[in-house]
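*Asks:* Under the numbering used here, the first residue of the sequence shown is numbered 159, with each subsequent residue one higher.
No wet-lab data here; the hints were simulated from the structure. Some hints here could point you the wrong way.
[As the list claims (entries may be wrong)] Derived DSS-like pairs (lysine-lysine); straight-line CA-CA distance at most 25 Å:
#	residue 1	residue 2
1	LYS306	LYS203
2	LYS203	LYS160
3	LYS203	LYS220
4	LYS306	LYS220
5	LYS291	LYS306
6	LYS290	LYS306
7	LYS260	LYS203
8	LYS160	LYS301
9	LYS160	LYS297
10	LYS363	LYS160
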Amino acid sequence: MKITEDDVLIIVDMQYDFLPGGALAVEDGDEIISGINEIGNLFDKKGASIVQTQDWHPSNDKSFASNHPGKQPGDEFHGEGIGPILWPDHCVQGTKGAEFHKDLDITLARAIIRKGMDPEVDSYSAFRDQLKKKGTGLKGLLKDLGIKRVFISGLALDYCCYYSAIDAIEFGFEVFLILDLTKGIDDPKGSISNSLEDMDNIGVKFLNTASFF
Numbered sequence: 159m160k161i162t163e164d165d166v167l168i169i170v171d172m173q174y175d176f177l178p179g180g181a182l183a184v185e186d187g188d189e190i191i192s193g194i195n196e197i198g199n200l201f202d203k204k205g206a207s208i209v210q211t212q213d214w215h216p217s218n219d220k221s222f223a224s225n226h227p228g229k230q231p232g233d234e235f236h237g238e239g240i241g242p243i244l245w246p247d248h249c250v251q252g253t254k255g256a257e258f259h260k261d262l263d264i265t266l267a268r269a270i271i272r273k274g275m276d277p278e279v280d281s282y283s284a285f286r287d288q289l290k291k292k293g294t295g296l297k298g299l300l301k302d303l304g305i306k307r308v309f310i311s312g313l314a315l316d317y318c319c320y321y322s323a324i325d326a327i328e329f330g331f332e333v334f335l336i337l338d339l340t341k342g343i344d345d346p347k348g349s350i351s352n353s354l355e356d357m358d359n360i361g362v363k364f365l366n367t368a369s370f371f
């Protein structure tokens, strides 16, 4: 796989709350940090772009179970722009859990895209909220840069990576998910396999880091 300046690496939500010990930890999520740094350096050397996303919730976010009396994290919930389940409080603005892991190299990122800032609507995708009404600015940035191919890594495979990939396809990019640089939550059970199947069906391509070397 030859990397060019028409490519972008999107590093999704490598924050403490999604890593072991965090409020919404993805199992073994920290194991992909060194690989992401390595691929990030490769993209930088080839003149490609790097973008990082940062989940950035207000404390009154309606996707948090704590804001629904009687509800617990993991409970099924279907509201306009919220669901399919409720989450523990995580990546709250200004908290340690919202920070990037100290070992993640953020110095090469052209932009850091914050998402999840509207308490009324969840935002999994790097591009826009779940109602597809408010964009993050990422689509315009990538178009301005002349990006043609989007490579996705980070957390979690079955939520933020998945929705980012779907939107990137819809916006006309060629999309690749780097399988060994992502981990999933699998909640509800089967969401990882369902997400992979959905992505495959709409044209997302899968590869591993070995493809770059």
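*Asks:* Determine for every hint whether it applies to the structure shown.
*Replies:* A quick look at each hint next to the structure:
With a C-alpha separation of about 18 Å, the suggested pair LYS306 and LYS203 falls inside the 25 Å cut-off, and the hint holds. Distance restraint check for LYS203 and LYS160: the Cα-Cα separation of roughly 12 Å lies within the 25 Å cut-off, and the hinted pair is therefore satisfied. For the given pair, LYS203 sits about 41 Å from LYS220 by alpha-carbon distance, which is inconsistent with the 25 Å threshold. At roughly 35 Å between alpha-carbon atoms, LYS306 and LYS220 are farther apart than 25 Å, so this suggested pair is violated.
This hinted pair checks out: LYS291 and LYS306 have alpha carbons roughly 23 Å apart, not beyond 25 Å. Restraint check: the Cα-Cα separation between LYS290 and LYS306 comes to about 22 Å, which is no more than 25 Å; the hinted pair holds. Pair hint LYS260 plus LYS203 holds up; C-alpha atoms about 22 Å apart against a cutoff of 25 Å. For the given pair, LYS160 sits about 20 Å from LYS301 by alpha-carbon distance, which is consistent with the 25 Å threshold.
Between LYS160 and LYS297 the CA atoms are separated by roughly 23 Å; this keeps the pair inside 25 Å, and the hint holds. Distance check on the hinted pair: LYS363 and LYS160 sit about 15 Å apart at the alpha-carbon level, within 25 Å; holds.
The earlier numbered hints that this structure contradicts are 3, 4.
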